[in-house]
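*Asks:* First to last, the sequence lines map onto chains A and B. Okay, so the first sequence: first residue is 117 according to this note's numbering, each after it adds one. Okay, so the second sequence: first residue is 24 according to this note's numbering, each after it adds one.
Derived from the structure by calculation, the hints contain no laboratory data. Don't take every hint at face value.
Unchecked claim - BS3-like mimics (lysine-lysine), calculated; alpha carbons at most 25 Å apart, straight line: (1) A:338 with B:185; (2) B:141 with B:162; (3) B:142 with B:195; (4) B:142 with A:239; (5) B:191 with B:291; (6) B:53 with A:442; (7) B:191 with B:227; (8) B:290 with B:119; (9) B:185 with A:239; (10) A:235 with B:63; (11) B:141 with B:227; (12) B:119 with B:155; (13) B:286 with B:195; (14) B:279 with A:235.
What the hints assert, rightly or not - Label pairs and their calculated CB-CB ranges: (15) A:179 with B:132: 35 to 43 Å; (16) A:136 with B:330: 54 to 62 Å; (17) B:156 with A:241: 55 to 63 Å; (18) A:241 with B:114: 34 to 42 Å; (19) B:28 with A:429: 52 to 60 Å; (20) A:487 with B:132: 51 to 59 Å.
Since we're looking at a predicted model, the values are computed, not measured. From the three backbone atoms N, C-alpha and C, an ideal C-beta is built for every residue, glycine too.
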Amino acid sequence: MDNVVVQKLIAIVGEDYVSTRQDVLLAYSTSASMSYDTVLPDAVVLPQSTEQVSEILKVATQYKIPVTPRSGGSSLQGEVIPKEGALVIDLLRLTEIEVFPDLRSVTVGAGINFGKLDKLLNKQDLWLPVYPGSSLTATIAGNVAVNGSGFGSSQFGCIGELVLGLEVVLPNGEIIQTGSEANPNAPGPFLRYAFGPDITGLFIGSLGVFGIITKVSLKIFKRMHHFDYNTYGFNTPQEAEKFVIQCKENEISPVWIAIYEGRILDFFLEMVGEEYGVPKYEWPPITVSMVIGRIREDQLESDRAEAQRICVEEGGHVIGIAELPKGEWDDRMRELARSSYVHGWHWRILYHHVTPSQWHRTIEEMWPLFDEFGVLGHTAGFQSDHSSYNYYPQIFFDPQDAEDESKAKAAHKELVKRLFKTGAVPFKLAPYWVDGITEMEPYLNFLKDLKEAIDPNGIMSPGTIPGIEGED
Amino acid sequence: MTTIDLDELLENLAQCRRCGICRNAVYEDKGFDGVCPVWKNSAGFETSFMRGRIQVALALLDGRLEKTEENAESLFSCTLCGNCTSICAAEFDPAKCLESVREVLNEIPNAVRDTIAKKILENNNPYVDENKTRRDWVKEVGFDIPGTGEVLYFTGCTAGLKLPETAKSTAKVLNAAGVNFAVLEEEPCCGSVMIRTGMVEEAKKNAEKALEMIAKSGAKKIVVTCAGCLKTLREDYSERFGLDVPEVLHMVEYLKPLIESGKLKLKKSSEIKKITWHDPCHLGRALGVYEEPRDILKAIPGVELVEMETNREAAMCCGSGGGLRSYDGNLAKKIASDRIQDAEAIDADILATACPFCEHNLKDGANRIGSKIRVVDILDLISKQLQ
């Protein structure tokens, strides 16, 4: 990177917080995304305030330098792999937290992770009731940028549903505030849909292509202390799917619902069953692991009885093994990571949402494709919103075997196409989705127009959503 | 010549999925409130915590990064405290891997590391030219301590040469308990720092020499006051070097039954108020000795033991381990100040520990921020409460 630019960055944040060292650049050439080619940036900068982020983006715009913002670096689909010559902006020094008890909301800086906020809110018997599997490392702002989900989403939706407003630095360095806080006289965040169109929504799931989220304001809730953990067995996927839909329809409050096919559950339990204390059991073809959470015990009692009634009505039986859902829920800050790491493989992941009624379609596409490409893998998932189910098939490979990895990549690419045809939608509009989807030209063209209007120099997170970018 | 199986090391390093939990995870249910003390107390680049270090290590090993002192800096800017290992969701030991990487890559220039190893090999300690002075404290205890005996107090370089009060206190406590013990006439360094910084071949030579001297003393049991000596003598000598070492106990392990059985009686102190315990990494995370020191402190009449926000498996490090104190003293002291602030946050009057490295660095950390907290070795505390 041109020394003039480096000096300007140093003038903004100080010498200690800018680096062009080879070892540092190498460490920023990757993230938790497995099987993505590493790309060295030209420099890394660590701002401490929104104003510094703004000044940095003004420099980047002036010199047309591609910018990759990152914070936790825990994303799995290449979102923060920089472009060659890029400037990486590491946002972990943005660590403000402000709780608004009367507004039932909180504002956090882009460097705050879920674990940190959870501990603080817990002291006030509050919570942000969405726990992605990377809660210990993922930042809330980063999760908003990918519209993540996790434990809690079965009841409260993806993280975007909880966002009340954002502070965003646009590519030209301008700072905007969305939601009710756009009014400088507002007492804090209390309404997202203020002042016209949902500008907040433009940045949720945007993967950083329109600007840098420096603060997030979110709804927070009284912490639940009453839980029911249970497992429900079914002979067919359709019975299990109907059970899930009916539980939601009847206002049961499930903070965690996961549907397991028999062989997937066997694999999962082989990894963490003992750790969770799950007893040996002849599991049925399909098992639903569910945690019902409530503020009041009487609500919980009612939900528990209703879930059992629905289960039997839909042709299932109550298994009664609580250790599985309890183990998952208690380990919610890292369960998804734990269960994905313990087997030793690396994997390519294919996050997507389906409807609960279509749960079986992903399974139907996945297994034959794995056989076709000669790869191993499995899938897990959970109810992620009002009527969506978040799936994340993982295709395994040996990190030290290039041929194995190449097979995984090919299988991954093909699975996208087949899942799209089933009606599945992306969890993140990652590059492989853009390559794999068809029949959506008007939508993608509109995104492209927005991109050109907001980021005419194309400096923000290039390559993250390639289909909406102009030609290099 | 390294003893490390490179393929196995690479396989282990590949277990890192780069999730980043090893950086600043706050996991209240498991007691973690941050993980890497270096990341927390430095600018915060990726290279300042284990995920980035592993990426650097892999690149140095496969040639993507040139083997220069600057490129290897992050490998040495680590206390090897093992907090990352405690929280890691994958099936490997990142801290142990980094220690192995230091060994495999020990051809990369590092003046600090080389100087320490040279001094130890030449002088039997990393601090002074005249090693015999490390026994000077014996003259001040008021009774004779032989050079041979069945129970050997292995003083360690730091207690012997920098913090002799701890050595004197230990002698007084052992004497009060009626234990006949010896101190070597010219005690060698255990070699811990050589192992941690990758000079393992040199450490093995040193260990063989040290063990020969220990054997000559007739020791059947070794007691230590340094957590680093404990891990090295108890674990590394046998597991790494295949040496047959007599039983090695830290004084907190040795004293607990003596106190509980009434052989060592402690009196009430009017000056001791709230005490917190800092878990030395080599004593706690490495060897699982958590409760013995706490039980001893609770046995002192009038003591109120209070826990810092992070303790036991999730305790933050003092900053001096893994050679960091020598490699980057300012960073080590900054980390120590941070730990002192943990003690201040719970209004502790005294921070007790059982490792002269921790004590030395934490005292500097306290001075650095003008803290009034007293940092003491647990043996110093006990010696003042002897009946």
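*Asks:* Straight-line Cα separation of residue 53 of chain B and residue 442 of chain A no greater than 25 Å?
*Replies:* 16 Å, holds
*Asks:* Check the hint pairing residue 338 of chain A with residue 185 of chain B against an upper bound of 25 Å on the C-alpha distance.
*Replies:* 54 Å, violated
*Asks:* Decide if the proposed pair is consistent with the structure: residue 279 of chain B and residue 235 of chain A, CA atoms, cutoff 25 Å inclusive.
*Replies:* It is violated: about 35 Å lies between the C-alpha atoms, which goes past 25 Å.
*Asks:* Does residue 185 of chain B pair with residue 239 of chain A here, judged by a C-alpha cut-off of 25 Å?
*Replies:* 43 Å, violated
*Asks:* Using the C-beta atoms of residue 241 of chain A and residue 114 of chain B, is the stated range 34 to 42 Å upheld?
*Replies:* With a Cβ separation near 36 Å, residue 241 of chain A and residue 114 of chain B satisfy 34 to 42 Å, so the hint holds.
*Asks:* Going straight from one Cα to the other, do residue 142 of chain B and residue 195 of chain B come out at no more than 25 Å?
*Replies:* 31 Å, violated
*Asks:* For the pair we were handed, residue 119 of chain B and residue 155 of chain B, check the Cα-Cα distance against 25 Å.
*Replies:* Cα-Cα ~34 Å, so violated.
*Asks:* Verify the CB-CB distance for residue 487 of chain A and residue 132 of chain B against the hinted window 51 to 59 Å.
*Replies:* Taking Cβ atoms as reference, residue 487 of chain A and residue 132 of chain B lie about 53 Å apart, which means the hint holds.
*Asks:* Is it true that the CA of residue 290 of chain B sits at most 25 Å from the CA of residue 119 of chain B?
*Replies:* Violated. Residue 290 of chain B to residue 119 of chain B sits at ~42 Å, over the 25 Å cutoff.
*Asks:* Can you let me know if the beta-carbon spacing of residue 156 of chain B and residue 241 of chain A is within 55 to 63 Å?
*Replies:* 59 Å, holds
*Asks:* Quick one, are residue 141 of chain B and residue 227 of chain B close enough, alpha carbons at most 25 Å?
*Replies:* 14 Å, holds
*Asks:* Taking only the CA atoms, is the gap from residue 191 of chain B to residue 227 of chain B under or equal to 25 Å?
*Replies:* 29 Å, violated
Violated hints, listed in ascending order, are 1, 2, 3, 4, 7, 8, 9, 12, 14 and 16; each of the other numbered hints is respected by the structure.
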